[in-house]
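Novice: Quick note, the sequences are listed as chains A and B, same order. Residues 1 to 143 (our numbering) are what the first sequence spells out, left to right. Residues 1 to 407 (our numbering) are what the second sequence spells out, left to right.
Honestly, the hints are just simulated from the structure, not real lab data. All residues carry an ideal CB built from backbone N, CA and C; glycine is no exception. Treat the hints with caution; some may be incorrect.
The calculated label-pair distances, taken between Cβ atoms and stated as ranges, are [to be verified]:
#1 B:Leu230 with A:Met92: 22 to 28 Å
#2 A:Lys26 with B:Asp314: 50 to 56 Å
#3 B:Glu73 with A:Asp7: 31 to 37 Å
#4 B:Gln56 with A:Ser98: 25 to 31 Å
#5 A:Asp48 with B:Thr35: 40 to 46 Å
#6 B:Leu387 with A:Leu42: 38 to 44 Å
#7 A:Arg55 with B:Ala327: 42 to 48 Å
Covered by chain A, according to a simulated footprint, are these stretches of chain B (three or more residues, beta-carbon under 8 Å) [what the hints assert, rightly or not]:
#8 32-41
#9 181-193
#10 244-256
#11 278-290
#12 384-398
Just a sample of chain B residues kept apart from chain A, beta carbon distances all over 12 Å, derived [stated by the list, open to error]:
#13 Glu94
#14 Asn206
#15 Met217
#16 Val238
#17 Val271
#18 His275
#19 His311
#20 Pro324
#21 Arg339
#22 Arg365
#23 Gly380
#24 Leu381
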Amino acid sequence: MRTLHDDPDLRFTLLADICGVDTGRKMQVVYHLWSATSPDWLRVIADDLPRDDPRVPSVTFLWKGAEWGEREAYDMFGIIFEGNRDLRRIYMPPDYKSFPLRKDFLLPDDAARSPGMGVRHMEQTAPPADAPDEVLLRRSQLD
Amino acid sequence: MAADPTRVRSLDDPTVIVDTPATIYDAVPPYPPQTEREAEFYTLRDGEMLINLGPQHPSTHGVLRVVLKIDGERVVDLDPVLGYLHRGVEKICENCDWHMAISNCDPLEYIASMFSEALPVLAAEKLLELKVPRRAEYIRVLAWELNRISSHALFMGWLALDLGGLTPILYGFIERDEIVEMLASLTGQRLLFNYLRIGGVNGDLNHDFLSRLGDWMSRAAHRIEDSQTLINENEIFVKRVRGLGTIDRATALRMCLTGPPLRATGIPYDVRRAHPYSVYPELEFGIPTRTEGDSYARYLLHLDEIRQSIHIIDQVLHQMPDGPVMAKLPRLLRIPPGRAFAALESPRGQYAVYAMSDGSDQPFRFRIHDPSYFNLQTVGLLMPGNLIADTMAIMASLDPIMGGVDK
Numbered sequence: 001m002r003t004l005h006d007d008p009d010l011r012f013t014l015l016a017d018i019c020g021v022d023t024g025r026k027m028q029v030v031y032h033l034w035s036a037t038s039p040d041w042l043r044v045i046a047d048d049l050p051r052d053d054p055r056v057p058s059v060t061f062l063w064k065g066a067e068w069g070e071r072e073a074y075d076m077f078g079i080i081f082e083g084n085r086d087l088r089r090i091y092m093p094p095d096y097k098s099f100p101l102r103k104d105f106l107l108p109d110d111a112a113r114s115p116g117m118g119v120r121h122m123e124q125t126a127p128p129a130d131a132p133d134e135v136l137l138r139r140s141q142l143d
Numbered sequence: 001m002a003a004d005p006t007r008v009r010s011l012d013d014p015t016v017i018v019d020t021p022a023t024i025y026d027a028v029p030p031y032p033p034q035t036e037r038e039a040e041f042y043t044l045r046d047g048e049m050l051i052n053l054g055p056q057h058p059s060t061h062g063v064l065r066v067v068l069k070i071d072g073e074r075v076v077d078l079d080p081v082l083g084y085l086h087r088g089v090e091k092i093c094e095n096c097d098w099h100m101a102i103s104n105c106d107p108l109e110y111i112a113s114m115f116s117e118a119l120p121v122l123a124a125e126k127l128l129e130l131k132v133p134r135r136a137e138y139i140r141v142l143a144w145e146l147n148r149i150s151s152h153a154l155f156m157g158w159l160a161l162d163l164g165g166l167t168p169i170l171y172g173f174i175e176r177d178e179i180v181e182m183l184a185s186l187t188g189q190r191l192l193f194n195y196l197r198i199g200g201v202n203g204d205l206n207h208d209f210l211s212r213l214g215d216w217m218s219r220a221a222h223r224i225e226d227s228q229t230l231i232n233e234n235e236i237f238v239k240r241v242r243g244l245g246t247i248d249r250a251t252a253l254r255m256c257l258t259g260p261p262l263r264a265t266g267i268p269y270d271v272r273r274a275h276p277y278s279v280y281p282e283l284e285f286g287i288p289t290r291t292e293g294d295s296y297a298r299y300l301l302h303l304d305e306i307r308q309s310i311h312i313i314d315q316v317l318h319q320m321p322d323g324p325v326m327a328k329l330p331r332l333l334r335i336p337p338g339r340a341f342a343a344l345e346s347p348r349g350q351y352a353v354y355a356m357s358d359g360s361d362q363p364f365r366f367r368i369h370d371p372s373y374f375n376l377q378t379v380g381l382l383m384p385g386n387l388i389a390d391t392m393a394i395m396a397s398l399d400p401i402m403g404g405v406d407k
């Protein structure tokens with residue numbers, strides 16, 4: 001990242017986006033960078049982060065503005081950005097325990113409307129192609 | 001037994017008697033600090049105190065709560081507290097199909113919702129590699145630019161309102177109301193249009209819309225100049241905002257700013273030119289920039305952008321092609337697997353979406369990059385050293401929309 005930012009031939013000085021992704025099997029952190037010389041955004045993916053303890057180095061020393069982006073990824077996915085001085089919940093309350101955008105966070109069953117019948121059509125989570133067995137298992141129970 | 005004023009029932013649990021009652025107005029959180037920065041913020045030095053601003057302060061443009069650390073009348077530090085409007089749009093979009101995502105994204109940027117509802121549309125079209133009919137593209141550009149003008153008109157009114165001037169916002173609302181009425185006759189809605197569709201737009205131009213537009217266009221340029229003389233030459237206004245909240249180029253890039261705050265520092269990053277989408281490459285328009293980087297520069301930049309938008313609308317009306325307004329698509333839309341990053345230039349900056357599809361009719365990951373969110377965190381850098389009365393002006397000049405900040 002430091003090379004991309006500082007190298008005079010590259011000069012990717014603008015961080016267009018930073019976000020977390022949960023593919024169901026592993027975690028990713030996706031950066032989109034922009035440079036005045038590049039025709040398109042450069043996509044950098046920190047891949048294969050373990051789901052139980054995802055850790056990546058923070059980029060706040062290059063882009064101070066990534067701080068809230070990293071806080072959001074921490075809040076929604078539980079990804080730890082090492083070096084971010086203010087890594088706490090930003091949307092959810094401080095004592096909240098789970099990570100809402102993870103794929104194993106299924107939206108609750110609308111029990112009052114259809115007891116025992118599983119989630120409504122709108123609330124079904126489409127499992128990813130490479131989802132871990134437990135997610136598929138939960139899905140098949142719901143179906 | 002007489003009530004002991006030092007022993008009060010807790011707000012959370014009335015059966016519990018607490019010594020010092022917690023109130024919703026307490027600035028200090030009722031838990032130990034979780035991070036280095038939080039511990040530093042809530043440690044007060046001599047003469048400093050915390051005050052709580054919001055979440056329902058009328059000048060915060062929504063439901064934003066800011067804890068200010070002040071020393072006398074000067075702001076030393078601040079800690080924005082978000083999440084009062086959080087509804088999990090990303091999760092909702094991952095659990096509904098692509099068409100539903102359009103109306104779910106609508107209220108993100110509720111002042112200019114023609115932009116936020118374009119996110120799933122642009123992402124899906126990029127994944128489908130779909131060619132949208134040219135007439136639909138021109139109608140989109142027309143709607144976007146009209147919406148940009150209405151948003152900018154409101155911005156200028158708000159900025160003056162937060163500085164204590166009541167008149168300009170009335171002028172801002174005149175412009176906005178005319179445009180909103182115009183778009184209502186096109187789309188059927190005044191605020192959340194739900195007009196764009198994957199592959200086109202919901203309906204063709206109609207006579208009512210065109211007559212209103214022609215009527216407005218004949219007066220628009222003149223009216224904008226008219227209302228700007230109300231503020232631009234106003235000595236009090238200029239004295240208040242000039243040099244207020246100045247950002248330099250390097251800091252703007254470091255803080256991930258986009259949109260008018262970035263262009264006010266002199267960096268011509270505009271998604272319409274940097275990564276052209278729709279028919280913007282065929283249109284001729286300039287990207288106004290300023291070099292001062294202060295609130296006044298941001299204000300003047302908005303004026304310049306209104307002029308450019310009027311220029312674009314003029315060209316669009318002259319070049320409007322004939323043809324269909326929707327591409328032929330199946331009702332049940334399955335998007336091919338892949339990843340796409342699509343962005344557009346909203347009135348507040350780069351509105352981007354990073355979408356992943358797994359081949360089903362629902363997005364697999366739908367990441368929304370909101371410019372207000374990234375622009376708002378600059379207040380932590382700009383406020384320290386300023387008067388409390390100026391915090392609102394700085395915040396207004398960054399123009400955050402809390403619907404998008406809290407997603």
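Novice: Determine which of the earlier numbered hints do not hold for this structure and return their numbers in increasing order.
Specialist: The structure breaks hints 1, 3, 5, 9, 11, 12, 13, 17, 18, 21, 22, 23, 24; every other hint is satisfied.
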